[in-house]
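**Student:** Chains A, B, C and D, in that order, are what the protein sequence lines are.
For reference, each letter of the first sequence is one residue, going 13 to 161 in the numbering used here.
For reference, each letter of the second sequence is one residue, going 13 to 161 in the numbering used here.
For reference, each letter of the third sequence is one residue, going 13 to 161 in the numbering used here.
For reference, each letter of the fourth sequence is one residue, going 13 to 161 in the numbering used here.
Simulated from the structure, these hints should not be mistaken for lab results.
None of these values were measured; they are calculated from a predicted model.
The C-beta atom is built at its ideal place from N, Cα and C for all residues, glycine as well.
Careful: at least some of the hints might be erroneous.
Stated by the list, open to error - Here are the simulated DSS-like cross-link-like pairs (lysine-lysine), alpha carbons at most 27 angstroms apart as the crow flies:
| hint | chain 1 | residue 1 | chain 2 | residue 2 |
| --- | --- | --- | --- | --- |
| 1 | C | K122 | A | K122 |
| 2 | A | K122 | D | K122 |
| 3 | C | K122 | B | K122 |
| 4 | D | K122 | B | K122 |
To be verified - Among the chain B residues that face chain D by a calculated CB cut under 7 angstroms, a handful are:
| hint | residue |
| --- | --- |
| 5 | E100 |
| 6 | K102 |
| 7 | T151 |
Said to hold, decoys possible - Partial selection, computed: residues in chain D whose CB lies under 8 angstroms from chain A:
| hint | residue |
| --- | --- |
| 8 | K102 |
| 9 | N104 |
| 10 | T106 |
| 11 | S110 |
| 12 | K122 |
| 13 | V147 |
| 14 | T151 |
4 protein chains.
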Amino acid sequence: MPEFEASDPGYEARVRGSFSRQALMATIGARLALVSPGRVEIDLPFRADLTQQHGYLHAGITSAIADTAGGYAGYTLFPAASSVLTVEFKINLTAPASGERFRAIGEVLKPGRTLCICRLEVRALTGERAATIAVGQQTLICLADRPDE
Amino acid sequence: MPEFEASDPGYEARVRGSFSRQALMATIGARLALVSPGRVEIDLPFRADLTQQHGYLHAGITSAIADTAGGYAGYTLFPAASSVLTVEFKINLTAPASGERFRAIGEVLKPGRTLCICRLEVRALTGERAATIAVGQQTLICLADRPDE
Amino acid sequence: MPEFEASDPGYEARVRGSFSRQALMATIGARLALVSPGRVEIDLPFRADLTQQHGYLHAGITSAIADTAGGYAGYTLFPAASSVLTVEFKINLTAPASGERFRAIGEVLKPGRTLCICRLEVRALTGERAATIAVGQQTLICLADRPDE
Amino acid sequence: MPEFEASDPGYEARVRGSFSRQALMATIGARLALVSPGRVEIDLPFRADLTQQHGYLHAGITSAIADTAGGYAGYTLFPAASSVLTVEFKINLTAPASGERFRAIGEVLKPGRTLCICRLEVRALTGERAATIAVGQQTLICLADRPDE
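In isolation and in its complexed conformation, chain A is listed as follows:
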C-alpha cells in the first residue's frame, strides 16, 4: 500500500470525534481499533441480534463497518474544516460471516481534493484464526469548509 501523510495534524482527534457521533456504531458495539493516515480499522464483537437468517453477521452490518472504516480512512487525509460523505461502494461477500469478532479495514487507494477511492476488507476472527469475509471498493467525496461538527 502507498504511505500517506495527513495534512491536518489533528486528524486522529477529528476522526475519533466524528466516529463517537455515529450513534449506529455504539448501537452495534463497534469501536475504532486503528486510526492512521489513509488507514482505519474498526472492531465489532459478534452479537446474535445483528445476524441474518442463518445466524451469521448480517451483510448490512458487514457493510456498515466496512463503509465506516473506508470513510474515516479517507477522512484522515481531508483538511481540518471538512466533512466526508460516501458517494458509493461495492462489496463482495466472499465467505459466511462467522466469527467471535470482526475487523473492518479501510485503506485509501487514491486520495484527491474532491474524490477519494478506498479499498474495503472485513475479516472474521476466531481465536487466532482470521478469514476474509468481504472485500469492496468505495468512492468518497470531501465537502470542504463544512466542518463535521
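Use these hints to put chains B, C and D onto chain A, whose structure you have.
**Tutor:** Below, chains B, C and D without anything else, positioned relative to chain A:
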C-alpha cells in the same frame, strides 16, 4: 419492470419466515411491507440510534434494508428447498438519508437458475413526500437443495 | 424515469461534437442513436473483430458503449462550458452478447452540480427481438469551466 | 496477495489459447504479458484510434483489458474442461489514461468452485514511470464441463 411468476406457490410464507429469522431486522425495527413475485419492499421508521455523525440514517442501515429487500425479491422466485446468499452489491447514496421512515425496494432485473440480478432503491418518506436516497444493483446466488431453515 | 430539462439549449450539438471526437467510437463503428435531456442511446452493429473467445461481443465493448451512453446522458444536463468524466461504473453481464446489433442506453437517475448517477443498459437486437445483455450503474463528475474541446 | 496453485498443469496453454481466440485483443493490439496461477497481466500500447474525446485511452478499453486480465487470472485456477464468464465488475477510473502503454493486472482475491472474485488494476507506463489509472473488483463464474474451445 418485467413481471415474474413464482414457481413455488409457498413463496410468500417462505420469505416471511426467513425474514422473521433475521435478528437484525427486528433489532433495527424493519418490517416487510410487500412480498410479490420478483419484488419485495421493507419499511424502517427513523430511529436516532441508527444514525451517522450528522444525524442521518447510517449508510450501513440503508444498505442493510436495500440488500435484504433485493435478496428476498430474488428468493421469491427460487425453488422451495433453496437458500439465497448475496454475492455482491453496489450502492450509490444519492441524497442525505433524512426522513420519518424509509422504504427499501428490491426488484429482480434478471432471474436465473444459479444467479439473480436485482435493482435496489431506498426512499425517504416524510409525510406525503418521498425522495430517493439510494440506488443499487445486486447479484444473488441460489443454493439449491439447501432449505433456509 | 424522471424527466429532465437541459439548462444548455446547445446540449445536443455539444454531445454530438464530443462523441465525434471519441476516436474509439469510430473505430468500433458505434453511432449516436438518441440524444435527449438525461437520456442517450448508442447503436453498434455486430463485428467479428470485437468478440471474445466464444464469438460474442466482448464485455469490454459492451462496457465501452454503456459507459459512453451514460456519460453523454449526464453531459446533456451539464452547463455549456463543462466536461464530463466517468468516476466509476459497475456492470452486470446478464446474457451472452449475441445479436446483429447492440443498443446501449444511458439514463440519468440523479443529476447534481458535481456528481451525476446514471443507469446503464445494453440490449442485443436480432430482427425484431431485443434482449437485455447488461445492466449497470455509473457515477459521473462534472468539470465546470473546462470546455470539452 | 495469497499464493495459488493451479489444479490443471495445462493452465497456461489453456489461457493463452483462449486469449488468442479473443478477436478484440488482436484488434486493439493487446498481448498477454504474464500468466501465473491466480495472476494475469496484459499489455496494450497506446493507439490514437482507441481514445475518448480528450485524447486519453477510452475507459471502455481500460475496462476491456482489466476485465480480460481478471477473467484469465480466475481461469488459471479453473479445471481443464471449463469456461469462464464475467458475472460483473466495478471499476474506478482514478487518473487520466495518459501513457505510452498500459498494463492491466488481474489477481484472484477469492477462488471458489462456482464463483471467483478478482482485483483489477490498470497502470499507465511512460518511460520508467508507472501510474495507476484504474482499480476494480470483479466476479467470475466457472462453467464446469464446458470446454472453452
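**Student:** For A/K122 and D/K122, compute the direct alpha-carbon distance and say whether it is at most 27 angstroms.
**Tutor:** holds (23 angstroms)
**Student:** Quickly compare the C-alpha distance for C/K122 and A/K122 to 27 angstroms and report which way the hint goes.
**Tutor:** At roughly 25 angstroms apart (the allowed maximum being 27 angstroms), A/K122 and C/K122 satisfy the hint.
**Student:** Double-check D/S110 for me: the hint is only fine if its C-beta lies closer than 8 angstroms to a C-beta in chain A.
**Tutor:** Hint on D/S110: violated, closest Cβ of chain A at ~16 angstroms, above 8 angstroms.
**Student:** Is the shortest C-beta separation between B/K102 and chain D less than 7 angstroms?
**Tutor:** Interface hint status for B/K102: holds (6 angstroms vs cutoff 7 angstroms).
**Student:** May I ask you to test the interface hint for B/T151 with respect to chain D, counting a Cβ-Cβ separation under 7 angstroms as satisfied?
**Tutor:** holds (6 angstroms)
**Student:** Should the hint that D/K122 touches chain A count as held when the rule is a Cβ pair under 8 angstroms?
**Tutor:** holds (4 angstroms)
**Student:** Verify the interface restraint on D/T106: the C-beta must sit less than 8 angstroms from at least one C-beta of chain A.
**Tutor:** Holds, because the Cβ-Cβ distance from D/T106 to chain A comes to roughly 4 angstroms (cut-off 8 angstroms).
**Student:** Quick check on D/V147 please, does its C-beta sit within 8 angstroms of some C-beta on chain A?
**Tutor:** holds (6 angstroms)
**Student:** Within a Cα-Cα threshold of 27 angstroms, do C/K122 and B/K122 meet the stated pairing?
**Tutor:** Given pair C/K122, B/K122 holds - Cα atoms ~23 angstroms apart, limit 27 angstroms.
**Student:** So, D/N104 near chain A? Judge it on the closest CB pair being under 8 angstroms.
**Tutor:** Since the shortest Cβ distance to chain A is 5 angstroms, the answer is holds.
**Student:** Tell me if D/K102 is really an interface residue toward chain A, meaning its C-beta lies closer than 8 angstroms to one of theirs.
**Tutor:** It holds, given that the least Cβ distance between D/K102 and chain A is near 4 angstroms, below 8 angstroms.
**Student:** Are the Cα positions of D/K122 and B/K122 separated by 27 angstroms at most?
**Tutor:** Distance ~25 angstroms between D/K122 and B/K122 Cα, so the pair holds.
Taken one by one, the earlier hints fail for this structure only at number 11.
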